[in-house]
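Protein chains in written order, with UniProt numbering: chain F, 1 to 426; chain E, 1 to 412; chain B, 1 to 257; chain P, 1 to 310.
Calculated from the structure, these hints are not laboratory results.
Wrong hints could be hidden among the right ones.
Per label pair, the in silico range of CB-to-CB distance [to be verified]:
hint: 1; chain 1: F; residue 1: LEU342; chain 2: E; residue 2: PRO410; range: 55 to 61 angstroms
hint: 2; chain 1: F; residue 1: PHE326; chain 2: B; residue 2: ALA177; range: 45 to 51 angstroms
hint: 3; chain 1: F; residue 1: VAL128; chain 2: E; residue 2: ASN119; range: 38 to 44 angstroms
hint: 4; chain 1: E; residue 1: ASN119; chain 2: F; residue 2: ALA127; range: 54 to 60 angstroms
hint: 5; chain 1: B; residue 1: SER58; chain 2: F; residue 2: LEU419; range: 50 to 56 angstroms
hint: 6; chain 1: B; residue 1: HIS19; chain 2: F; residue 2: PHE326; range: 36 to 42 angstroms
Every residue, glycine too, gets a C-beta built ideally from N, C-alpha and C.
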Amino acid sequence: MSNIATDTMISLSPSGSQKFMQRTVPLIIFAVILAVIPVFGPSRTMYSLLNAMGVNIVFAMSYNMLLGRAGLLSFGHAVYFGLGGYAAVHAMGAIEAASYGDGGFWAGYPVFFLPFIGFAGGALAGAVIGWPSCRRAGTPFAMISLGVAELISAAGFMFGSIFGGEEGISGDRMNGPEMFGLSLGPINEVYWFIAFWTFIGVLGIYAFTRTPLGKMSEATRDNPERAEFVGYDPQKVRYLVFIFAGGFAGLAGGMSAVNYEIFTPEALSLAPSGMVLLMAYIGGIRYFAGPILGAILLTYMQSMMSDYSEAWLLYLGLLFIVIVMFAPGGLAGIFGGLFRGLRGDNPAASLRQWAVQITGIVLMMISLVTLIEMSVNWSNNYGEVFEPFGMHLPHDGVLTWAVIFIPFVAGVGILRKALKNKEGQA
Amino acid sequence: MRLLSSAALAAVMSVTALSGASADTLKIAFIDPLSGPFGPTGQDGLNEWEYAAEQINAKGGINGNQVEVTGYDNKVNPKESLVQLQKALDNGVRYIAQGNGSSVASALIDAITKHNKRNPGEEVLFLNYAAVDPSFTNDRCNFWHFRFDADSDMKMEAITDWVKGQEDIKKVYIIGQDYSFGKAVAAAAEKNLTEKRPDIEIVGNELHPLGKVKDFTPYVQKIISSGADAMITGNWGADMVLLIKAAIDSGFDGKILTYYGGSRGAATAMGQAAVGQVMAIVEHNTNLEMSDAHAAYVDGYEAKYSESNYYYQRIDNAMHMLAMAAEKADSIDPVDVAFALEGMTYEGPTGTLTMRADNHQVLQPMFMSTFSDNVARGVDNGPFGWVADDAARIEAEDTRTETTCQMTRPSK
Amino acid sequence: MSVPALSINNLHKSFGPAHIIRGVTLDIEPGERHAIIGPNGAGKSTLFNLISGGYHPSSGSIKLRGEEIGGMKPFKINRKGLSRSFQVSNIFSNMTVRENVRCGVLYSMGYGYGFWRNVGNLHDVQRKTAEILESVDLLDKAQLPAALLPYADQRTLEIAITIAGGADVIMLDEPTAGMSHSETERAVALIKQATEGKTLLIVEHDMGVVFNMADRISVLVYGEIIATDKPMAIRGNEKVREAYLGDEADAIEGDAA
Amino acid sequence: METIVFSLLNGVIYGLLLFMLSSGLTLIFSMMGVLNFAHASFYMLGAYFAYTISEASSFWVALIFAPILVGLVGALVEKYGLRTVHVNGHVAELLFTFGLAYLIDEVVKIIWGRNAVDYKVPELLDFPLFELFGAQYPAYRIFTLFVALAMLAGLWFILNRTRAGLIIQAALSHPHMVGHLGHNVPRIFMTVFGVGCALAGLAGVIGGNYLVTDPAMGVQMGPIVFVVVVVGGLGSLMGAFLAAMILGLLQTFAVAIDARFADIFGWLGLDATSELGSITIASLAPMIPFLMLVLVLMIRPRGLLGDREL
């Protein structure tokens, strides 16, 4: 029996090449992408966006350790990001002081490794706050996280010596020993720092999902009762996961501290906590890579889309609602569906179906964007008018309302038909 | 108009570096909120910068260079501001204008100092038009930062100068938001009042959490029962409006001395009952006596932006002083312009302005304006506006404060 | 005399005014296969929940190998070597069959809350998982998502998870409920084989299963055990016949014949 | 003495306003399990609708119609939005309302502008009712008190004296039982959601001119509504009432206390000049709700009068 079992054990777990293809290759691709980007000579804007994306990727993935992997909806994850970041920024100050002062431990600590301090800070905060929070999942957890976030962010403005008041605490990353020949002065050197830690963060979070604790976190999410009857205390599973999620959020905070060289109390508040929720969910919480997509998209939207439309928050809200209602798998779910369709039995049919759906969606988007942009211009009352592609679309123009209604009706019609066809097939 | 269709194009363009300012434009990046709750305030600032640029371009620009102001939305977030700063640098910007939020200003000052140190030859100058933390022109003063607004200590000097002349004010209550600015205002008020009017009793000095109080009535009733006949507050935004509204509703009849009473939307919220009672310390209001040219400037602005009121005289001042400095230096390079700005005087619409060389803080006449319903130019499209008589004018020199600044200057 | 594997003494449980378990006393010897039967609403599930830690007893004691476990948390009881299955399939439905069983194995092999090792490299866990899967004949379905299994297989998986931790006291709550005749036969064989040498406590409605499998049977009626005896003796017990009416009574008779 | 009287009066009125705002959410949450993040946004809609209606006709018309309009909007949201999400569970519902709050805020900014609107107290009520210790007491505040009490009485009557009310009461404590009684569950959900939103809308009509009507009013009130509902307990309107009152009174009384931490904990050696020592109780007042939220969830997860845990 044990012989058979040993043989089957090998056939049961994925083969070496499968493991390599499914696990190692994506990580290698990710690392290669990170390494190749500078070859294209990105501008400062691009670099600072990439750096922000790196921070947000780790932050969003740490959030998904809670929401996606442990089923814990938190409204206060920025608390751990912020506390980790503050720990790192204070350490940065200590390095500066020690380098110009009498030395000591901090004089020999490279700024490059500050995210470790961030991790420690975030994990410590998670360990303290997590204990009362993790007793139960679901709504009580969500509400406690909300309350704690409100309390901590209020404290952020009260304790100036720790949080530096409104203006926060700033530091200088160009102190202490250099690592890998990086002075961390110019933004492209900071990029290597961010890329390195983004990779480490993603790798670390991935590795975590492969540990017994990581597996039991998913088990506890799906069925806490059963987890309890195979010997696990759900509360303790949640608590430990919470500490790690806090730690990785702190790691992201440490990255952020080095990238921006400043930390302010607003980083602890509800707004970034809400943002990271949006990133993870829009990206897709059921997929490991989902939050990466969400972090990239939302960071881009936040910093670039406001150049084109001041209603970007409205678009963001709409995107979120549409995802919640119609695509709970998020962007990763949508891409995954496309990919599976292409590799399925009938790629041509699925291609046709998407073409129809995309047409419908684009038509509705034209209508919505026109409506929103026209309204925003009308509401601002600066006499400006929405003029896409040389068209003149004032709020009282017939053409405007035609551009709003016709594509909308057409889009809804097409989507309904597509949906019916799909049901017919099924 | 911002076109969504150009978003994709710009995304591609932002990948490839755009470097170097073109020879014939002086680019100013306006880094302030343009969306979200503070969007309207930021948009007003941008409008005025754009208008000032337009006016100066019509007269041939600065040293023959056209001025171009571009808005960068920072969502009043320090980190986002640094991303926007990088965007601005990519677009060849050498001048940054910002004002909303000392946290942002502080982050920008830090970032610009580091940038200038790390990238010699690409220096950037920071024109601060509204961030009032005194430390920017004291212990944290910096060669690359010029402030065109009075800092919070100077405003308190001005307020207390005015209080000095008000014999009937005997008891003052200080209330503010619980964060660095609110604390600074409270400390300055206490210090200045004891110096200038030792007979005044400070009957209360209270901080409340920032942006969290929904009903100020309990605070106000505390103020009323303390017998205060004037209240000083540095509050802004909803905290200010709600405080004033609660005070008036509960029948507080003393003066309410504010920093930001004149800010956007406040007049509507305060309403008739606040007339004559609410005062604000500002460098300008649209009902001052004005020269024809200046009146035309103000009216031109309000005609162009019907939803917005002319508020930031300092932006006009900053633009003029920038032009004068560039002419004096015969250059639009920020280093030359910065040296030329030091110690410069400018005959502005309200009097003489001086840019102090020792700490890069402008000195300008201030006005203790009163909320009024009898005005030539109203605000918020309503009947209310702000007025100031001669007694309410505080001369520029009287707002001077000692500075602890030890300026380090680059070699020329 | 050896210590009983499970010893229940004068156990009571009330929910508010409802007195569900009214003084149950029962000893189960190591290695014994013990069945609990009784009409609907007799309190069988409640009794199960009390023993496995789902409910807190109102009074009385429950001893596992002489050690009091009444009122302990389920995970603690599980770690002491008592494992249970559920009447309704209670599996980790988003995981594959193999992962489900692996979850059952992890704690018992000492990996607990470990976060420093890769489950993929835990060869002893892999081996044990494969053994369990083989013993319940689910090897060929190991890679399927658990939610996609046919009903009978989900029930089997339920048992697999229950025995995976290597507990020596196994409690099965209606393991064959809802199965067809042939599926039931297979399940019984499988249970017998998988619980070889272990103490088994089973609640079951299918009298065929009960009489086929059990060494002893207890009859629970209205929260009280009215009889505990060998299967043959239970068949002849008057009180049991009185408690069972209609079809079920016939079932007992039928099997007796 | 005067502090106590004032604090009591203000606390009661603020508590009543909180209760008006939260009672709808208690109904929705208890029956549907939806912790509606957008609840305070409906409160804001109530204020804005009331502003527009009272500009066109009068405040009294707005008092009737604005809540009805808000209720209709709520019912539509339930029918076309929430119901779609329902199958994906409570977290999806919570997230839906979270996104909805964003949307309503932005749409309000587009329609009514980003500044405060001049939503005035009706002239009939715009006078100081009485004077207490030198401070005037506006009549509108007392009016608020009466509206809230009327609403409370109305709710009590409907819940205890009508058939629909009895069904709702049953559903509050045993939500899954409604279907078994042969009622059309989707319709009941839509109605409850609509009515809950209408109650928030009514609070908006009253609170909009009592406080300020601006696009931030929803966000400001948002989290505190949760506090009232959670602290009050699932399924208990009485609990919500009690929680709202406690919150209102605690907050106003805390404001009235001048003590600093150093005065209270001085015996521990806390120095008044230290950062911790210089914090005043008054400055902590707005933190009290969240402290209560966390403590209640930790110590008594069923809330004050709730009949089951969250």
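Here is how each hint holds up against the structure:
| no. | hint | result |
| --- | --- | --- |
| 1 | LEU342/F <-> PRO410/E: 55 to 61 angstroms | holds, 59 angstroms |
| 2 | PHE326/F <-> ALA177/B: 45 to 51 angstroms | violated, 38 angstroms |
| 3 | VAL128/F <-> ASN119/E: 38 to 44 angstroms | holds, 42 angstroms |
| 4 | ASN119/E <-> ALA127/F: 54 to 60 angstroms | violated, 42 angstroms |
| 5 | SER58/B <-> LEU419/F: 50 to 56 angstroms | holds, 55 angstroms |
| 6 | HIS19/B <-> PHE326/F: 36 to 42 angstroms | violated, 51 angstroms |
Of the numbered hints stated above, those contradicted by the structure are hints 2, 4 and 6, listed in ascending order.
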